[in-house]
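Going line by line, the protein sequences match chains U and R. Every position in the first sequence, counted from 1, becomes a number in my numbering once 4 is added. Every position in the second sequence, counted from 1, becomes a number in my numbering once 11 is added.
Honestly, the hints are just simulated from the structure, not real lab data. Just so you know, even glycine gets a beta-carbon here, dropped at the ideal spot from N, CA and C. Please note that the accuracy of each hint is not assured.
[To be verified] Pair by pair, the computed Cβ-Cβ distance ranges are:
| no. | chain 1 | residue 1 | chain 2 | residue 2 | range |
| --- | --- | --- | --- | --- | --- |
| 1 | R | Ala285 | U | Pro44 | 56 to 64 Å |
| 2 | U | Thr247 | R | Ile145 | 54 to 62 Å |
| 3 | R | Leu85 | U | Leu353 | 56 to 64 Å |
| 4 | R | Ala22 | U | Gly179 | 33 to 41 Å |
| 5 | U | Pro281 | R | Phe153 | 43 to 51 Å |
| 6 | U | Trp180 | R | Phe236 | 55 to 63 Å |
| 7 | U | Ile112 | R | Phe236 | 39 to 47 Å |
| 8 | R | Leu297 | U | Ala194 | 36 to 44 Å |
| 9 | U | Glu169 | R | Ile321 | 52 to 60 Å |
| 10 | U | Leu57 | R | Gln141 | 50 to 58 Å |
[What the hints assert, rightly or not] Far from chain R, some chain U residues (derived; all Cβ distances over 10 Å):
| no. | residue |
| --- | --- |
| 11 | Leu57 |
| 12 | Leu67 |
| 13 | Ala114 |
[As the list claims (entries may be wrong)] Which bits of chain R does chain U cover? Going by a derived footprint, with three or more residues having C-beta under 8 Å, they are:
| no. | region |
| --- | --- |
| 14 | 79-90 |
| 15 | 99-108 |
| 16 | 114-121 |
| 17 | 124-132 |
| 18 | 239-252 |
| 19 | 302-314 |
For reference, the chains in residue letters:
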Amino acid sequence: MIRLEPRQEYSWLMAVAAPVVAAVVALALAAIPLLVAGAPLGKSYAAMFGGALGSQFALAETLTRTTPLILTGLAVAVAFRARLWNIGAEGQLYAGALAAVVLGSGAIDAPSWILVPTLLLAGATAGALLMAIPTALKLRFSVDEVVTSLLLNFVVLLFVSMMLEGPLKDPMSLGWPQSESIVDAGTLPALIARTRVHAGLIIALAMAVIMQVIMSRTVWGFEIRAVGSNPSAARFAGMSTTTVMLRVGLVSGALAGLAGVGEVAGLKGYLTHDLSPGFGYSGIVVAMLAGLHPLGVVASAFFVAAVFVGADSMSRAVGVPSYIANLTVAVALLAVLVGGVLTRYRIRLQKPGARIV
Amino acid sequence: MSELFDMLTAAAFWAAAIRIATPLIFGTLGELICERAGVLNLGIEGIFTAGAMSGWMTVYFGGDLWLGVLVAALVGAGFGLLHAILTVPLGLSQHVTGLGITLLATSASYFTYRIAFPNVSSPPRIEPFQPISIPGLSDIPFIGPALFQQTPLTYFAVLLVVMVAYVMARTPLGLAIRASGENPAAVDAQGLSVYGLRIGAVMAGSALMAIGGAFLTLSAFNAFFFEMIAGRGWICIALVVFASWMPGKALLGALLFGAFDALQVRLQQTVGGAIPYQIFLMLPYLLSILALVMMSRRAAYPNALMIPFIKGQRS
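With these hints in hand, go ahead and build the complete structure from the sequences.
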């Protein structure tokens, strides 16, 4: 019989070590699918590391990928902290991108210092409003937000596809469903010359710092943590769980919406229905690897981005399907969950029949 | 209006509705069994994908269709076992673990498919299950062509509803499963293993979900596509709430859903010119959300759902 016994003291070091070990375990376990695919292990791992971190270009690509993952990771982290299960970051990202494209592709004629903040605000608002739906349904009708936020992802994607084939379609795109480009004044500037790293990275990093300060230094953050860890105690202490949940839902949706703005205004320039290769879902892994700590999200987003970018070059070098990245990231998620148990509990094997007094 | 009436009274319409409902019946029953035992299984979407892929691949590489169903069920049970180990004895968050299982099962399926078929322009096909007419019954006007000219897995799904309903309501095993979702301490006091019951229920439920996936590739279609599950797993989770955790109502919910989906496909063909097709495709997801909103107020969730059981500890 397996028995979990709470550890007497909770070590700080172990809390930090757990995600690192989980990441290493996940990378090591990637050897199994590599062997199944018949790829040479040494060459594969070398291609992966080289492709993610090996050159200035590789590092720039990884940072480009890190940008949306920080934002969706933060969106998930803040929501999960309050035990609001927002699985809809993918849809909120698209809502943000859609808002940016609607206002940014010629509708507003304004200088950059007005237009860029307008687009960011519009995208954040769109994401927040989208997440307000499952949050409100949870609070008003006690509908499980997991299912509603997930189902809304499909609705939003169909809505985007409808817009791209209808009112937002670029007439010059030769039948390909894509929007018109964001005007120059609305574009986020490049951060490093001759790379795709854009100012969205600065926004994402700033958001991580802001969220860290809010979560650890303000009344709002205290309320969020209180509602997440013990809602009835929070209510007893006079907090309104409804207000806190609604606030968390709006902030979470806004962060995911910003990720969408960054992708269209900083990277792609226009909106297509394959803008995001699942950044919303990867955000869950990012948040969990970070132990839901906003600053930790930056590190785990970089790791997840490196796995994806590295897997792309590995795929080109040794012909392994790039889905190995998704596989590795999924294993990392499960590994960090198990690691979390090991840092909080000792696992005791107990002889069958033995009684605990 | 009369056009709509004609549509709804055509046997072919109801035959299609039942066909669309079949994977949902499997998935809803599977999720229902897990939740009745106290474990939310958000791995469902990924397990659907894994069942669809593994069942199809078994048949493509020369296996019998029924072997494909069996392989899918075993793969599903395997992912179920992983979910159960992580959430039952280790007591990990059922939400996050389930999503992790979905990510794992989905990416493993896509990876395996891509290894087997590195670059195919059109998806390879198999010879799927053919409809079987039930002698005598299939000749009944209207009811015959609507109900009794389906593929074997559809008959199996309906049979399964009866079996699960019977086991859950009338057998000691069913009572023990329900009790471990309502009051695990009482089950433990009876000398039964809560862990054993929960792990078993999650494995059995996951096997059913995977068969639902296999229905798509072995019966409804004849090939495997990426993203072909398209949220069916999440819809099943909504249907479980809609069905108040009752197998009979799950069948009803799945059939209603199937009818509605069949209707939107037909409306798309008749009035589709005026309205973008995406609006019709959104309806199933919006309908699921609506069903949840209507039912959630009086939803009687199993008492111990999502609460890990630790022996000798009050929850």
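We went through each hint and held it up to the structure:
1. R:Ala285 <-> U:Pro44: 56 to 64 Å: The hint (56 to 64 Å, Cβ to Cβ) holds, given that R:Ala285 and U:Pro44 are roughly 57 Å apart.
2. U:Thr247 <-> R:Ile145: 54 to 62 Å: holds, 59 Å
3. R:Leu85 <-> U:Leu353: 56 to 64 Å: Given about 29 Å between the Cβ atoms, the range is violated.
4. R:Ala22 <-> U:Gly179: 33 to 41 Å: Between R:Ala22 and U:Gly179, where Cβ atoms are some 39 Å apart, the hint holds.
5. U:Pro281 <-> R:Phe153: 43 to 51 Å: holds, 48 Å
6. U:Trp180 <-> R:Phe236: 55 to 63 Å: Between U:Trp180 and R:Phe236, where Cβ atoms are some 21 Å apart, the hint is violated.
7. U:Ile112 <-> R:Phe236: 39 to 47 Å: holds, 40 Å
8. R:Leu297 <-> U:Ala194: 36 to 44 Å: For R:Leu297 and U:Ala194 the Cβ distance comes to about 40 Å; the hint holds.
9. U:Glu169 <-> R:Ile321: 52 to 60 Å: holds, 53 Å
10. U:Leu57 <-> R:Gln141: 50 to 58 Å: With Cβ atoms ~54 Å apart, the hint holds.
11. Leu57: holds, 22 Å
12. Leu67: Consistent with the label, U:Leu67 stays out of reach of chain R, its closest Cβ about 24 Å off (over 10 Å).
13. Ala114: Non-interface label stands for U:Ala114: nearest chain R Cβ at 31 Å, farther than 10 Å.
14. 79-90: violated (count 0)
15. 99-108: holds (count 8)
16. 114-121: holds (count 6)
17. 124-132: holds (count 3)
18. 239-252: holds (count 7)
19. 302-314: It holds, with 5 qualifying residues against the three required.
Violated hints, listed in ascending order, are 3, 6 and 14; each of the other numbered hints is respected by the structure.
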